[in-house]
Every structure is written in C-alpha cells, then in structure tokens.
Amino acid sequence: MSASTRWLAACLLAGTAVAAHADSEFSGQLRGRWDDRTASLIGPLAQAAQLDPTVAPPQASAATLEAELRGRWQMLSAVATLRSEKPESAAWHSDGVMNELYASGEAAGWQLSAGRKIVAWDVGYAFRPNDIIQQERRRTLLSFTPEGRALLMGEHFDARTAWSLVWVNPQRAVDDDAGSAMGAEEQALALRVFRNVGEADWHGFARWGQHTRASLGAAVSWVADDSLELHASGRWAERADVLTFNTPASGLATSSPFTVATRNNCAQALVGGTWTAENRLSLMAEFWYDGTAASNAQWDDWQARNAQITAAWVNGGPAALRRGVAGNLAWQSQAFAGQSLRRSNVYLRASWDHEGWQPSLDVLYMPADGGRMVTAALGWQGDRVRVDAGLRVNGGPDDSVAAQLPVRRQAYAAL
Amino acid sequence: MKNYLALLSLACAFTAHAQGMNDLLKAADRYRVSSANMQVETQINTFNTDGSPDKERRYTVFAQANHQSLVLMQSPAEKGQKVLMLGDDFWLLMPGSQRPLRITPMQKLLGDASTGDIATLSWADDYNAQFVAEESCGDAPCTHLSLTAARKGVTYQRIELWIGKARREPIKADLYVQSDKLAKQARFVMDKPQAPTAVAEMVLLDQLSNHKETRVRYLARKERSVPEAWLNPMFLARNPSLD
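Sequences listed follow chains A and B, in order. For the first sequence, my numbering gives the first residue as 620, with consecutive numbering after it. For the second sequence, my numbering gives the first residue as 28, with consecutive numbering after it.
Here chain A stands alone, though its shape is the one from the complex (with noise of 0.2 Å):
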C-alpha cells in the first residue's frame, strides 16, 4: 500500500468513526477518478510543445483519489477535501484543502455565519453572472465542492422572502490593485434580496468591491407551464478586471504580453430554459454575452500574434531560439483563462433519466468562430456507489479558438 493510500484510507477510517458519534453529523465520501487528455495538434500550445517539450509540456493524464468529509459539531460546521493525484509518468502528491470551516447562529431574527463558506447565488446553469462571491467555475466534468470564501453573513427569512448580507474577504488589506479583484479575492460588500411571487423567484443583487466599485444585477426563474422552466440573468458592474492581450512589437517578448486591466461598464446576461416530457427527458437551452471576455477584436490580434510567431520564428527561425519562441507561444495560451472564451455564447444540453441511468449530451457553441466542445456522459446512481463516465472534445474551425485549446479530448471515468 503505498503512502498516498494508507494517508487516504486513514482519513476515511477517522471520518466514519466520528460519524458515530450521537451528539454530531459526520460524514465521508470516497471518489477515485481517471482523465484521459489527448493534446491538440494545433494552437498556441501545441506549437510550442512541438519546438521544445520541456517549456509547457500539455497537461497529462491523471488518476485521482479524493476523501471529502462533511462534519457539524454545534455551531461550527465544516468540509475538508484530502486529495492524492498522481499524473502519468510523475510522482503520487497530495494536498489537503479546507472548503469550508464556519460558526452559525442565530440572533434578532438573523442567521448570522462567519468564516470561510460557500455562496452560491444566481439561477444559471452554464454561465452565473450574478454568482458574485463564489464565481464558481460552470460545466466542469464532474461536479466538485469548490473551496469557499472568508466571509461575514447574516440572512433573514420570513415565508417568501430573503435577505443576505454578505461581507466578503474583509481580512483583506486596503488595496486598489486590479489584480486582487481577479477570482474574488478583493474585500467587497454583497447583498441579496429574494422573492417568490407565485411562478416566479425575483432575485436582486448589489456589490461594492474596493477595486470593481459598484455592480447591480437581477435574475428571475420562471415556471411557464408544467413543463417549461424559463430563467434570466443580467448584471451591470462599473468595473471589471481582466486579463487583456498587449500586442508587442514583431520581435519575441521577454515578458508575457497578458497583464490584469480594469475594464469600464461591463455588462453580463444569460436567458436560458428547461422543458421536461413525462418519459424524463430533458432539454436545456442557454444563451450568455460576457462583456468581460476578449472580443473579437482582440482575439484577432491574439489570432494576428500566433501568425507572427509562427512565420518569422517558427519556420524561418534560429535554432538557438527555439526555447525563447516556445516560450512566447505558451504565453500566447494565457487567453484561455477567462470564464468565457468568446462573449456570445450557445449551450443546448439533452439528458435522460432512467432506471438510475443519467446519459447526457451537451454542446457548447461559440457562434464568432464556430468553436464548439462537445460533451457526452454517462452517470449511474446505485444506492451507495455512483459512476460517472465521458468524453468532452473541444473542436471546431482551426482557427477557432476552441480548437486551439491544449486539450483536444479528455476523457474520464469516476467512482
């Protein structure tokens, strides 16, 4: 049994014993996962790996086991995720990661919490632009408990309403650097109000962040018929921070042309539906615009800069600066990063529910290029064990940004 495991094993070991005890609620899940990740031959990436491998090797497939345990012991509650993975060709290694570890109480009518937690808000599926203290990562392979964020809350409800105040990060030092607002890390005030009117739940969202300022948001989910789901999502910030492409000279960079810009009046939106048929099919339907994506524009010149590169470096170049070229191309796979790849954006899911089986296939399509990943999955649910298998395959035009992404296909397999 080698280290990892037996670290693993006793994690869970601990965790179920705790679970027996009367006065708590413990509990503890086992996944291991396999991802299969078959590189792309073209893009950015894909040329630098060709000219020098070692400068940013793609990203290898991978086994997986994690331990998550969930435990409430009065007013503290809290869930940790120990993790071992061990990529092909390299060593086991493991991290722990605490997701969440809070007090709750009660005081004046207000559920107040305080310490690191997850808040998940909006109504999307794909795309939540008013998920404004999580900012949670959407259609991931498989769904993940993400690590929450330092916080002081306190929520009230009557019957159909609901208030959140949220203040978020505040051990954050006073800073103005546009870098902090990135992934939610900067100090910032949220508040939410919720309302059910009949068919419809209302939500209305107000943030102040030290850097971004002020962003106002609304969202409603609406049930039309017996059938039919129907929801919508917007918001308006005053700032946002992202990562903008600097188009340098024509010679090689010596630093990455990606720094974090603050972008003025950006807007977010995201329609979308669900119609279920009495047979347990379902289809869903988004569309989103990101306002704080690159625009066409600016993935031109990023698309311009791969040109470049590739003309007067890659196939005229010195051999001697093959690792600085290869350098320069990976930068060129920062653009990756965002939320979104492109601002328009279609995704249309089918899924089925059956017998305990959950097959589901969905497509994201970026209409500027035609860019689309495409994924299928398979899940079933017994009493104590579920299994997840699929296949995502990211393609499209070849100068589409999609197909240029460093991984053309990732297949995975769950326990």
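Hints listed in this document are in silico derivations from the structure and should not be mistaken for laboratory results. Some hints could be false.
As the list claims (entries may be wrong) - Simulated restraints on C-beta separations:
1) P986(A) with R214(B): 52 to 58 Å
2) K106(B) with A825(A): 32 to 38 Å
3) L232(B) with W976(A): 20 to 26 Å
4) L209(B) with G773(A): 46 to 52 Å
Claimed, not checked - Here are a few chain A residues that sit away from chain B, every Cβ distance over 10 Å (derived from the structure):
5) A710
6) L784
7) W786
8) Q806
9) L810
10) R858
11) S869
12) S979
13) P986
14) L997
15) G1014
From a predicted model like this one, the values you see are computed outputs, not experimental measurements. For each residue, glycine too, the CB sits at the ideal point set by N, CA and C.
Given chain A, work out where chain B should sit, using these hints.
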C-alpha cells in the same frame, strides 16, 4: 317563479352532492393524514417485474397546511436532497449546492415513486370528485369516484378512486398524468384489515414506463408544525439542521 324555484333546488342539490363527495374524500384522507400539519416517515421499496428487489429509499415528509410540504431524502444515495412544495411551486435542493433549483411539476413527477406520491397525502383539498358508480371491490361494496385536479400543481391530473362503502377507506386508484395517460395504479393496504385505522402501505404499479412495483410504507406519523423559515427555499439552501 316556478323556474327560479326549480333552479334553486337544482343548485342546492348540486351543492349538497359536491359537499357529499368532498366529505367522502375527507373521510378517505383521514386514513393517511390525521392532522393538517404532520411529520411522516416513509420507506419506499421498488421491485423489478420478476419480483426481485430493486432499491430502497427513506424519506421524512413534513406535510403542512395550505398545500405546503417539505421532503427530506434520508437514504445514502440521496442524503441531503430536499424537495419543497408550496402550493403549485416546487424547488429541488441538492446537498452540494447552495442554490435552490426551481422545478416544474413534470420534474416533480420523476422517479418510481414521485415526490408527489410521497408528499401528497390528501385529496379533498386538491381534487373535485364526481360520483361514478357503486361497484364491487373484491368481496366488499365500494364507491367509484372520478377526481379531477382543482389546481394545476398536483402530481396527477385525474384520479379514478375506489373507496370502501362501509368504512370509507381508500381501496385502489388509477393515477393519470397531464396527457391523460395512465401513469400508475395504486392499491392501499390497511393496518388492520377488519377494523382499519390507517393506510399502512400504498402499492404503486408503474404503467407508463418500466412496469415496476413500488411499495410506499408509512413507518411513523406524528403531528408537527415546522417553523415558517423551513418553508423558504433560500433558508433550506443553507443546509440547516432540520431535526
């Protein structure tokens, strides 16, 4: 004047008939729910068409007045899931998520025993009944009623219900979905066959897809009113302790 009297008599007769049907439904309801606010522990066993056991699930149901219900899934496969039903409005809450999902009545229907089968314990408030015929149910005489939904959020649009003539206990039912397809056939097993006081088990036979048999057993019932906040989807999204 004669015409007015005739119309008045007809209206009175119709009202009395409707009231009689409603009283009959209320009497049948009392075999499943004895109070407006209840906590019911339910176990569901599903069997394959060859009779072999398929799966077992446990639920805690808080059935409250004014068509409000909260279902807590208790089995390991579903632990932490909740379904909230407030009249015609439904939400699904998943254990790993902080967002209540607004679901349609059709999504509520999913599952061998749908959430509606588990949470809906009364017919009198949700359906209008029409007398069909006096019939025989095995050896005993029974009353055949045809129930049509009085509001749109109910799980079944039409129910053909047979009630014992002597004790007014539910005997069997045919359950029809929105498209008027026969979805399930239900049979009610009483706690004491000779002097029934409560429905001990509801046996559902799927007629729409897999033809499996599902047994819904009522393990424990007690009167209980839950705090108002428990029926707010955003409160439930906090994953509070609901004991």
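Quick rundown of the hints versus the structure:
no. : hint                             : in the structure
1   : P986(A) with R214(B): 52 to 58 Å : 54 Å, holds
2   : K106(B) with A825(A): 32 to 38 Å : 35 Å, holds
3   : L232(B) with W976(A): 20 to 26 Å : 22 Å, holds
4   : L209(B) with G773(A): 46 to 52 Å : 51 Å, holds
5   : A710                             : 30 Å, holds
6   : L784                             : 13 Å, holds
7   : W786                             : 17 Å, holds
8   : Q806                             : 21 Å, holds
9   : L810                             : 13 Å, holds
10  : R858                             : 26 Å, holds
11  : S869                             : 49 Å, holds
12  : S979                             : 15 Å, holds
13  : P986                             : 28 Å, holds
14  : L997                             : 17 Å, holds
15  : G1014                            : 30 Å, holds
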